[in-house]
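Model the full assembly from the supplied sequences, consistent with the hints where possible.
Number of protein chains: 2
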Amino acid sequence: MTIYNAPVEDMLFLYEKLRDNKNYNEIERYKEVTTDLVKNILEEAAKINKNLILPLAKSGDENPTVLENGVVRTPPGYKEAYKKFIEDGWTSLSCDPKYGGQGMPKTVSAFFDEMISSSSLSFKLYSELTLGAYNCIHHHASDEIKNKYLPKMVEGKWSGTMCLTEPVCGTDLGMLKSKAIEQSDGTFKITGQKIFITSGDHDLTENIVHLVIARASDSPQGTKGISLFLVPKFIVNQDGSIGPRNGISTGSIETKMGIKGSATCVLNFDDATGYLIGPKNKGLSQMFTMMNLERIVVGIQGLGLSEIAYQNSLNYAKERKQGKSNNNKSKNGSADLIIEHADIRRTLLNMKSIIEGERALCFWLSQQTEVSLYHKDTKIKQDALDMVSLMTPVVKSLFSDMGMEITSDAMQIFGGYGYTKDQGIEQLYRDNRITPIYEGTNSVQAIDLVFRKLVNKNGDIIDKYISMIKSDLDKNSDELKPFIKTLKIYVDKLSSFSNWMKDKIENSRDDANAASNDYLRVLGYVSVGYAWLKVLGVCYKEYSSNKDFYEDKIQTASFYFNRVLPRIDSHYLSATTGSRYIMDFKFN
Amino acid sequence: MTIYNAPVEDMLFLYEKLRDNKNYNEIERYKEVTTDLVKNILEEAAKINKNLILPLAKSGDENPTVLENGVVRTPPGYKEAYKKFIEDGWTSLSCDPKYGGQGMPKTVSAFFDEMISSSSLSFKLYSELTLGAYNCIHHHASDEIKNKYLPKMVEGKWSGTMCLTEPVCGTDLGMLKSKAIEQSDGTFKITGQKIFITSGDHDLTENIVHLVIARASDSPQGTKGISLFLVPKFIVNQDGSIGPRNGISTGSIETKMGIKGSATCVLNFDDATGYLIGPKNKGLSQMFTMMNLERIVVGIQGLGLSEIAYQNSLNYAKERKQGKSNNNKSKNGSADLIIEHADIRRTLLNMKSIIEGERALCFWLSQQTEVSLYHKDTKIKQDALDMVSLMTPVVKSLFSDMGMEITSDAMQIFGGYGYTKDQGIEQLYRDNRITPIYEGTNSVQAIDLVFRKLVNKNGDIIDKYISMIKSDLDKNSDELKPFIKTLKIYVDKLSSFSNWMKDKIENSRDDANAASNDYLRVLGYVSVGYAWLKVLGVCYKEYSSNKDFYEDKIQTASFYFNRVLPRIDSHYLSATTGSRYIMDFKFN
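Protein sequence lines correspond, in order, to chains A and B.
1 is the number of the first residue of the first sequence in this note's numbering; add one for each residue after it.
1001 is the number of the first residue of the second sequence in this note's numbering; add one for each residue after it.
No lab work stands behind these hints: they were computed from the structure.
Straight-line distance between alpha carbons at most 27 Å, and here's what the computed DSS-like set of lysine-lysine pairs gives:
hint, chain 1, residue 1, chain 2, residue 2
1, A, 485, B, 1493
2, A, 493, B, 1485
3, A, 324, B, 1179
4, B, 1224, A, 321
5, B, 1586, A, 39
What follows is the structure, given as structure tokens:
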């Protein structure tokens, strides 16, 4: 059985000391979200995660969701836990008070996302997609629809889904086949098959609000003919009560490597009644409002699973005795705790330095996200949105990939025990393995980054980002000097790589495509390094006020700068060799 | 359902063109093993793997081995397949003709090991450990024991195990608690618990020959008091027939992440009759005869799983259409096969270049192994053994880690489908995940490499190895020049890293320990590059005789030199930053 204690201290440190974005601090609605309030929330969240949600992880893995007589049943304990979960208001944390939400910013809700990802990713997914659907409806739907659906979704009594993928199209949504036929009353009849629908059906909520992309009969082919529809499992009556069943059935549920407590459904829409959200043929961009926020959350899932893997590894390393360390003092040859071995310590610090750096980066990104949504100044909003767009594929891919590295290293620390089901470690590894795949595979993220995010209609975004880092590097303080020196080397490499990339995007797109994963990693490692630098600034400034905590941070950062940043060299060297020898190859 | 076609052409290429070790070619017993004979064997092996063994993979995963009323039952189909498998003589391939074996060298049997690892690792493990036990008995036991046990093991009617691990000791066998009490007839009574025993019990063979390490009552503590015993499941009568059941019971079998068709047992020995193998208190070194060969085979398992992952990825990439490539010519915007995308091609070539390089390295190592076992000249034998010892941890760790990378990349190519059970891809990933753990975790391999293999009583082994590569690099041919130039850079880095390492082993063992995994990787990548260089030599020399095949090789090698070798830079930079900041860290 795994242990988990939410890293509240680190989260509060970020909330208190790193909430340094001037624009974020100007947002009126968040001025009353004090550190004390956040402390209370995080402490309650820590409790519910440890006591209520963590035990669901094993239950869901051992008793996967099943489809019986057309009905999807969640694993034992999920229903009771979900009831308590929504009673305590956790689904409403970041939602608009207008619809019953608590109005917390992402600087807080992202911490909660991390905690629940650590405790049980499968359980999390039931409310996560609700929030995704909530965001999309909140942004794009009419007031009538908002008033009808959002309060129940905020309350958690109804859940939500995103129905995009079909058998022939995942990445390439232009190929979708689902049809929408307009009716005389302005509603649509939706017909088609959707696959890989997370929480597509289950027994936790009274209704499920599907957001479905489909092609109206008079719409063009390709991505320009995609519209977005709200298609509820049960029709909702005028008074908000539940009406008859809509034309949606669950064809099957997937048997998967992990997240077995989550229902991944094949949904068949058969003349199901749907309501158009926003303008016709603009469905894809509306869906992407939701997808982009969702992609960041997938990154946070990787972070959460990394954290619990680290905690269990550390715990085991302090219990298990095996072999003598180089500094073994015992005369009778008795074994040391494995935490005394340099290689085990290296592995643990690698985990820790990546996790804490990622958390700091994510906190920076949460502030940017809020600015992009709620700042009064349009220009400031847009600039923040550009940063969020740039960083979304990075956080999604880097954090999910690091999640694999870290859960894998945890298995290595546990040795043979890590490979058996008893310890729960191999489950973390299997559960995390979906994160580099869903919401667009990590290669798709890398291509999105390279071809759409570096430069857009607002200008050279990557250049703005690099300039911002460089100007911070110039604000030199003596203690930071060695860190700044190292980071400077890698920012320069990122800069060269970016210039190479911009040239290739214009002149040799295959070179750019083949280098995209490496480029994403380089940008990611530099960004985490930059986040660490901000943390270090606080550490040295406030050192005397909390010496142990800051010393721990400084040493963890040292690891990151010494041993993680140099990964950049290989990516850069390897990727810039071009792609001629790749494109010319004749695969048999 | 996965596909698999054994890469016979590549194997025969190696056997015919790369069997270039002068000392190997002097071994009398293998002079008649012609390419034609090997071709026949490999073609038959390819058939049995495709038709008989491949289907067992899914069966074993879906119906794991169970323990019922103290009896272990293998998955459906295993018994029938095993019967056919031994009838056709596959267990005897590399065994001594004196005991009924076919006497094939490892240059042939390693190919068979690869094939069966591709087809079904779980099924393979039932005969693999028999061969391990066979080797150990063959080297260390008396003629009486050999005559009694080996013929049945060679025939496959009896199987074997290695019983090392106990709850408190895996890596650190000095801590073992199992006891052996000598009886008046010279036999021993063995008592203790052994865990993680692969094929510890099952229903495929008439008897199971356990090789057990235990401590005799008058032996010292620690590793110097460990003896090796043969402990059969059923006592064997004087005439070779099966007698009464011995005092061994199966406590439980592990529920694991993968290789679910393989029975991983807890075995309880309770006054079980055992026979001492070799001299008392020398058990560990005898066991290591077997362990070392076994570790190479674990590397080959990673190679085999990589190969099948590659074949299925390539197949899928040629079937799945998604998105437009940069060179899309279609006017109606229809999607391309994903193999047209640069990033997918890069991933496939990464797999292929690592796999074929590893196979070539392994073939080189097989020749060295045979020289180390059977050459007439003691000095030549010892030199070869030093190379085998050096390369054993490298092959075990690098190939198993690359197996993770390659099976993981295969999942990414399959996208969401890769995460579901239907395609069989996620199973490759789960099955391979044991290979970096068992037979000593990869970190243990790295420490073994650094502290025991670089320099030994015969001298500076790593220096001999690097000198050998350097002298080959100096035999410059024009076509090879660009490859040699790149490899030279990395051999020089390996050389500097080795010198750094030798200094740290003397002066700062924690630095060496913390750098050991990185060092293993660097040595591994250079060794695979060196193997590629030998392949390239043949390709250019014989180019006109088989243009397509050699062109394919040259381009695949180009990928390895351009995009894989540069991984070395980061490992070197990162590892040589020392360990002070790691050892000083205070873990809370």
